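Novice: One letter stands for each residue in the lines below.
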Amino acid sequence: MGPLIPNGVIGAGWDFVIAILIGIAFGFILEASGFSSSRNLAGVFYGYNFVVLRVFFTALIVAMVGLMYFDFVGWLDLSKIFILPTYLAPMVVGGIIMGFGFVIGGFCPGTSFTGIAIGKLDALFFTIGLYLGIFGFSLAFPLFEGFYNSGSMGNITLTDVTGIPAPYFALAFTVIALAAFWGTMFIEKKVRKNMKQYKF
Amino acid sequence: MSKDKIIDNQSKYINPYLGGVLLGLLILLTIYITGRGLGASGAIKSAVVSTSNTIAPSATQANAYMGQFVSDDHSPMYTWLVFESLGVLLGGLLSGLIFGRVGRFRTDHGPKITAKKRWLLALLGGALFGIGSQFGRGCTSGAALSGSATFAFGGVIVLFGIFGTGYVIAYFFRKLWI
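Just so you know, the sequences run in chain order A and B. Count the first sequence with this note's numbering and you get residues 1 to 200, in order. Count the second sequence with this note's numbering and you get residues 1001 to 1178, in order.
Note that these hints are calculated values from the structure, not bench results. Note that the coordinates shown come from a computational prediction; the quantities given were computed from them, not determined experimentally. Take these hints with a grain of salt, some might be off.
As the list claims (entries may be wrong) - Some chain B residues close to chain A (C-beta under 10 Å, calculated; not the full set): (1) 1039; (2) 1040; (3) 1071; (4) 1089; (5) 1101; (6) 1110; (7) 1127; (8) 1130.
Claimed, not checked - Using C-beta positions, here's what the derived DEER-type ranges look like: (9) 175/A to 1057/B: 49 to 57 Å; (10) 162/A to 1054/B: 21 to 29 Å; (11) 77/A to 1057/B: 37 to 45 Å; (12) 89/A to 1168/B: 16 to 24 Å; (13) 175/A to 1168/B: 20 to 28 Å; (14) 1174/B to 75/A: 42 to 50 Å; (15) 1073/B to 161/A: 34 to 42 Å; (16) 1061/B to 187/A: 45 to 53 Å; (17) 1106/B to 161/A: 39 to 47 Å; (18) 1114/B to 165/A: 50 to 58 Å; (19) 7/A to 1116/B: 48 to 56 Å; (20) 139/A to 1117/B: 24 to 32 Å; (21) 178/A to 1164/B: 17 to 25 Å; (22) 143/A to 1075/B: 24 to 32 Å.
Just so you know, even glycine gets a beta-carbon here, dropped at the ideal spot from N, CA and C.
Okay, chain A solo, but in the shape it has when bound (with noise of 0.2 Å):
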């Protein structure tokens, strides 16, 4: 039963080998999807191109219900798995400063460790940047020490918060990213009309 290295079912010092498979297979994906250029993802914000909609609401959908699925079918003891932690002030505010990070980036981290693979000038510039980001971010740190540590939930689910049981956010996400899904076909094709061409 998973998750198999917490369980002790694959042992410990398997751990890099499976981290280097998942990360090459992550960023296979990625790249084959059209996650390396800059101008693909920036789309997403301007409607002509959904890729990372498409992309990561499908991955997010395929997730979720695979997680209920697993647990259903006893693969997976769910309650073993990583919570992320919520901070929520520091989390709102971090999410805000990655929405700008985004739009004048055009990458996010992972997106742009796969846009320096296949030689992208712009996502070696962004990942400089987000290295000196963490470094002044560890630097100025005791100014926003208490800040960075308000507001803690512990590790909490959606659930915890609302009581509404997870088969209900994975129905209701799938919902939502389907009609997302019919309503940006429109959009985009519609935007591509009026724009001028762009090579990916």
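Guided by the hints, dock chain B onto chain A, whose structure is given.
Specialist: Chain B in isolation, oriented as in the chain A frame:
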């Protein structure tokens, strides 16, 4: 070639829904094997801590933030996300080679800005993303995608934070892209 044809020249990319299904299955597999999801920004954090600890060990260990990630028994680079991110580079290269996208150094930028301006903006955007990912306890991969997939409240906050902000501010930055 008409302009529509060039924009629609997506045959070289895989179908986005196929890409999404594969990525979703990969998250599922990753959680099934390791108990946690994917990530990316953590690897850069490890690189920051590692270089800083090499150049100025005492200052790094005294730093309230970086000090947490320094340990006596192994280098800060010896973490799961660093190996996974090396894999991401290799996987990206592999896909690029297979689909013929690996080429000499080049820069993607909107039609109204120069490549040099794009570099500065990429540097600035990267720095913001780096700072935001520390407050957010992860980036698009670790918090927004893997976090939300496991129904973590914080993951969903980061997800809506990133994309919500993106849509609100996109208009003001339109000259960078369209």
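Novice: Now tell me if each hint is right for this structure.
Specialist: Going down the list of hints, with the structure as the test:
{"no.": "1", "hint": "1039", "verdict": "holds (8 Å)"}
{"no.": "2", "hint": "1040", "verdict": "holds (4 Å)"}
{"no.": "3", "hint": "1071", "verdict": "violated (16 Å)"}
{"no.": "4", "hint": "1089", "verdict": "holds (5 Å)"}
{"no.": "5", "hint": "1101", "verdict": "holds (5 Å)"}
{"no.": "6", "hint": "1110", "verdict": "holds (7 Å)"}
{"no.": "7", "hint": "1127", "verdict": "holds (3 Å)"}
{"no.": "8", "hint": "1130", "verdict": "holds (3 Å)"}
{"no.": "9", "hint": "175/A to 1057/B: 49 to 57 Å", "verdict": "holds (53 Å)"}
{"no.": "10", "hint": "162/A to 1054/B: 21 to 29 Å", "verdict": "violated (46 Å)"}
{"no.": "11", "hint": "77/A to 1057/B: 37 to 45 Å", "verdict": "holds (40 Å)"}
{"no.": "12", "hint": "89/A to 1168/B: 16 to 24 Å", "verdict": "holds (18 Å)"}
{"no.": "13", "hint": "175/A to 1168/B: 20 to 28 Å", "verdict": "holds (24 Å)"}
{"no.": "14", "hint": "1174/B to 75/A: 42 to 50 Å", "verdict": "holds (47 Å)"}
{"no.": "15", "hint": "1073/B to 161/A: 34 to 42 Å", "verdict": "holds (37 Å)"}
{"no.": "16", "hint": "1061/B to 187/A: 45 to 53 Å", "verdict": "holds (51 Å)"}
{"no.": "17", "hint": "1106/B to 161/A: 39 to 47 Å", "verdict": "holds (45 Å)"}
{"no.": "18", "hint": "1114/B to 165/A: 50 to 58 Å", "verdict": "holds (53 Å)"}
{"no.": "19", "hint": "7/A to 1116/B: 48 to 56 Å", "verdict": "holds (52 Å)"}
{"no.": "20", "hint": "139/A to 1117/B: 24 to 32 Å", "verdict": "holds (27 Å)"}
{"no.": "21", "hint": "178/A to 1164/B: 17 to 25 Å", "verdict": "holds (20 Å)"}
{"no.": "22", "hint": "143/A to 1075/B: 24 to 32 Å", "verdict": "holds (28 Å)"}
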